[in-house]
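Asks: Using the hints, position chains B, C, D, E and F against chain A.
Each chain is listed here by its residues.
There are 6 protein chains.
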Amino acid sequence: MSEHPLSPETKERLMAVSVATLATALYKRGLRHQVIQDVHPVSPKGKNMVGPAFTLRYMPAREDRNQLVEFRNPEHPQRLAVEMCPEGHIMVMDSRKSAYAASAGDILITRLMMRGAAGVVTDGGFRDAMNIGQLDMPAYHNRPSSPTNLTTNEAIDINVPIGCGDAPVFPGDIVVGDDDSIIVIPAHLANEVAEEAVEMTAYEDFVLSKVQSGATIIGLYPATKDENLEEFKVWREQNDR
Amino acid sequence: MSEHPLSPETKERLMAVSVATLATALYKRGLRHQVIQDVHPVSPKGKNMVGPAFTLRYMPAREDRNQLVEFRNPEHPQRLAVEMCPEGHIMVMDSRKSAYAASAGDILITRLMMRGAAGVVTDGGFRDAMNIGQLDMPAYHNRPSSPTNLTTNEAIDINVPIGCGDAPVFPGDIVVGDDDSIIVIPAHLANEVAEEAVEMTAYEDFVLSKVQSGATIIGLYPATKDENLEEFKVWREQNDR
Amino acid sequence: MSEHPLSPETKERLMAVSVATLATALYKRGLRHQVIQDVHPVSPKGKNMVGPAFTLRYMPAREDRNQLVEFRNPEHPQRLAVEMCPEGHIMVMDSRKSAYAASAGDILITRLMMRGAAGVVTDGGFRDAMNIGQLDMPAYHNRPSSPTNLTTNEAIDINVPIGCGDAPVFPGDIVVGDDDSIIVIPAHLANEVAEEAVEMTAYEDFVLSKVQSGATIIGLYPATKDENLEEFKVWREQNDR
Amino acid sequence: MSEHPLSPETKERLMAVSVATLATALYKRGLRHQVIQDVHPVSPKGKNMVGPAFTLRYMPAREDRNQLVEFRNPEHPQRLAVEMCPEGHIMVMDSRKSAYAASAGDILITRLMMRGAAGVVTDGGFRDAMNIGQLDMPAYHNRPSSPTNLTTNEAIDINVPIGCGDAPVFPGDIVVGDDDSIIVIPAHLANEVAEEAVEMTAYEDFVLSKVQSGATIIGLYPATKDENLEEFKVWREQNDR
Amino acid sequence: MSEHPLSPETKERLMAVSVATLATALYKRGLRHQVIQDVHPVSPKGKNMVGPAFTLRYMPAREDRNQLVEFRNPEHPQRLAVEMCPEGHIMVMDSRKSAYAASAGDILITRLMMRGAAGVVTDGGFRDAMNIGQLDMPAYHNRPSSPTNLTTNEAIDINVPIGCGDAPVFPGDIVVGDDDSIIVIPAHLANEVAEEAVEMTAYEDFVLSKVQSGATIIGLYPATKDENLEEFKVWREQNDR
Amino acid sequence: MSEHPLSPETKERLMAVSVATLATALYKRGLRHQVIQDVHPVSPKGKNMVGPAFTLRYMPAREDRNQLVEFRNPEHPQRLAVEMCPEGHIMVMDSRKSAYAASAGDILITRLMMRGAAGVVTDGGFRDAMNIGQLDMPAYHNRPSSPTNLTTNEAIDINVPIGCGDAPVFPGDIVVGDDDSIIVIPAHLANEVAEEAVEMTAYEDFVLSKVQSGATIIGLYPATKDENLEEFKVWREQNDR
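Quick mapping for you: the protein sequence lines, in order, are chains A, B, C, D, E and F. For the first sequence, this note's numbering begins at 1 and goes up steadily by one. For the second sequence, this note's numbering begins at 1 and goes up steadily by one. For the third sequence, this note's numbering begins at 1 and goes up steadily by one. For the fourth sequence, this note's numbering begins at 1 and goes up steadily by one. For the fifth sequence, this note's numbering begins at 1 and goes up steadily by one. For the sixth sequence, this note's numbering begins at 1 and goes up steadily by one.
The set of hints was computed from the structure by calculation and includes no laboratory data. Some clues are possibly wrong.
Each pair may be met inside one copy or between any two copies, as identical chains are not told apart.
[Said to hold, decoys possible] With a straight-line cut-off of 30 Å between C-alpha atoms, the simulated DSS-like cross-links for lysine-lysine are:
#, residue 1, residue 2
1, 11, 233
2, 233, 47
3, 28, 233
One chain only, chain A, in its complex shape (with noise of 0.2 Å):
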């Protein structure tokens, strides 16, 4: 288990602020590259996706190990993930960014959905993809992929070190997603960067409903005029935040 398990009020706070947001924090603390690059919602699910990572990597295919018979082997690293991740956690697959073959189809998603998964994410893409946007559980990939896993992915590793979409990702870290993309935060700074993340929304959603009434963002994003920052204060107590 991790030496860092995600707590019911971090992904509270976690399932209250944007991926944006998540990675301005992590860039303050000098992590520039934890948002996956070019991976989308299957379907937009209009709330957050939050988790621990439980990772699987994929290597390239050598054709006489991937033949359709290898998935009747009880032990086959994608079918024995599937089954392994624990609840509460997001699968996510180190696909090499090809979305070429597929990573996982909807009867594995659906059953890693039935097991109390939290979300799935691949760097490549999914097959069945217009069944899997209509499950309960957020997925996110690069493109619908429909040939099989084994054309050119061979499941090799589980809950290891991967990366995915160009970010790094250790099982445990904590994965947050939105409609818009995914970000990777490291187990250690969760606590921190969720709190932080939660006081930075108030002031940007106090920024929007100032820019919607016409105010300039010169003095306000970010707040170098005090005055600002004494009117967020009010705010604040008025909106309950």
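Replies: Frame of chain A; chains B, C, D, E and F shown alone:
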């Protein structure tokens, strides 16, 4: 005419299965590259596109041969192809995987629909895609592309073997598209692949219902435990499959 | 101010034609590369975006010049540009065709809207795209991108000639976007191109109605048969075009 | 045979000018896309390759049609093309801009040389490139590629119009390669372009000698000052150009 | 240790054949993706590199784990791997096909050479490539890359299955490089493939000598005419092959 | 003139160190993206190029502004830049990472050399590269490109901040190239980075000599064992470093 015309029975079967399932059926036969890569529905139709391929080949445009006046030629291959594509067929265009300029626009695609085509596919892009998506005929491309095709593409050959999205397409091959992607079935394999895919789909639907009820995939998908095969037999009878 | 300001008549005409038609009108004039490539509506608006270009140029970010504190500078070019973009103009950003990091987020884009901009375009990506898509101002990008722009982009120049999606954009050029894509019309050509495009659109609508009734495109599109031109004359009168 | 065969005079002229100069001569005629992109000499020969194009078109390989046994067919288009390419011609291959697998190897290219071909070009890659580079016939490709062409390419058409490195190539077009790159001159323009290029080269050589002596390029390149044209006249006489 | 160690006889055979020939031998066995793509000799050595694979896996770098101080850790996987790679082995690095930052530099590669490695391969790039090319040990990469590997890559796993240039590489697989490219032979196939490749090379050399004397390839390559096989028998005797 | 001109001492130091070493020195200062990506010597010179940057910015070409006649304008920015680049400076061109058309040819580059420039860099390609490689001034590009720059590029700005190969370049920054690649040192850091790099190089040379004699890198590179630092002190004295 193709030696292997599409029978109504096969067409009906292919209407009822997914591209993913067909990809696996072809994979068993050693064919791994029949899915057209990175080509998507202009708008998802919620049902399959099925028909034999009628092809159009583009080559890079040379400026002196591709002025607007060319379209006044009643024998211009792009125009001619639209007027020649047989009823029930799917026009598949080799646009050299470039969406820099359009493969066609809404007038030609509407004409294709009026003439009874079953669909249209390009590995480039359509102009007027916003209108083409609303037609009552499925269309697939990479992305919208507004420049006239003359900008980079010259239509040069009608109904020859082509590549489309890195898949080989021979005239008369059976093309099947769903809301995820498109596959090209060699004409002589269409009947047997369609039959097999219907069988596979029955089992996959059974598996999905089991998984939705909480079953593990180990031993079930694929069926390595006999009890699952027996249960499937019962399920088929109960569900008329 | 531009030597060739956008007149209300031209704007109205450009609201009523497609980017595809405009691309053909420019093609006739030897301009083949004015469509911004691989840039899409954040969300389709069902109507055109029209306005003169106001540009912002990004260069690769150097870390020591791109800490978060930079945004405290009231003269930061990105912030300044948002506060300078004239009413009715479209802000066009040269993000070096990279969506690795954001070109801007919802607060700045909302401010742009409140100041009366007619739209915003980047060949990178927006953060908070899920919110920007709901604004009452059209926005176009390549894909959502959550990292702060400081990660890879430094705003360096306001209202200079730029490239956007491989198209040349000069300040004051007339930018037109529809639900497919965006085109850049050189300012001095806007009036004549708008007039011609309205004429072309009338004929295209006539052709489409004919095709929808079963007419062949040969001789009709383009009009090489005189009878079609005569029929068109009647149709225009009947349809007030 | 081409309507516009390559005359010995034109060939001699084309041996003496650079691809860059030819590109400018075609640019003047509105042809901007005749240079084959991203294709390089297997090994630089220090002299030009000149000849009419004889083309070979590849399509994506379907596994059942591309087993090694296919090469036993005496009519296999790749083998046949090598045995058909006329003396003095240049075989130009459309390998779909993919060097994943080879376009040909040293045995076929040696055979081509023995049959008197003037060169060979692919927008893919050659296997045995280390040997091909040592042959006494120029060869151009993107990069070495060792897998047999059957892996991804099926030779399908001989001497049809093709694309090569995004340039249009018609059988009989005049192909010129130097140590930098390759250009495709439409057959009917070869004579006039060759003549003009020889003239341009004379002036460029004059300019270069002037620049090497310290002259500014302003007024000289291009010649906007009459004195430079006069000086050039003298230089030509002195240098027999 | 590998179950299938490289015997001196097999090594000698593999020194004497080309990667292209080996690719065809594997193709016959259904293995089509064993050539490492787009990786080249830092400098051609004019002879083969042969040895079992010893692998190193990189993942995307996270800034807080990849400061220069990390190299002070005697257990840093990159340094450790260099000190562990067995004599006669080839270090193969999965650098995620990115040459943005270096996979290693001349000091580490020199150390590898001194320890008796048979070569080194990365699908990224080497820094100090100008020096590495002069070492007496073959090295292969995509292109020179000067930034320290910490910039984008973290060495994470030693001697696990990896991908390199889209080819699957298992520890102990036999790696062969020539002046064109590199191939990965599954360990259990090395003996039989080496023997077959020697036979194939004999025939290819015979064919080449015939072609150099003017023979056609039809019936000769492959040998569909018996007379060629008989002539080959004589040639082998005469040439001690 | 730059606030931070290049002193002769710093220049001399930078002539004696590698781009790789400089990249590490900048990495320590938090600058990770200063190496120009995928740009190579036209021909390796075996010694460094060092000088302050003088920049030229290209934008996408609009056909009506980029006819050959434009070059007759004595104020054409490309020509002008060549005549303005100060002695000892390096012209760095932002060609938008496209080598489709040339950034410049041998006449302009020769003129640049005659005027005393220290070198030239583009992230596009040079025409006449075969000649430019023979000049006595270093030149770096992506690959040879024969079409005139007017085809896709318009020179628009002289000596403004640019991107080149994804690196930020400000006028006056110190540019250093070796046979591997090129790095851009912010002007205000040049002195300290040069000094540090000389020190680092001394240690690296010591390490290399040790490694060539069979030493392990553990404890030596970097120097975590004191004895290595002491030995280094002796080595410096003995070798006058």
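Asks: For residue 28 and residue 233, with the copy left unspecified, which applies at a CA distance of at most 30 Å: within, between, both, or neither?
Replies: within (23 Å within a copy, 40 Å between copies)
Asks: Tell me, please, which holds for residue 11 and residue 233 at an alpha-carbon limit of 30 Å: within, between, both or neither?
Replies: within (26 Å within a copy, 45 Å between copies)
Asks: When no copy is named, should residue 233 and residue 47 be tagged within, between, both, or neither for a Cα gap of at most 30 Å?
Replies: Cα proximity of residue 233 and residue 47: one copy only (27 Å, versus 41 Å across).
The structure meets every hint from the earlier list without exception.
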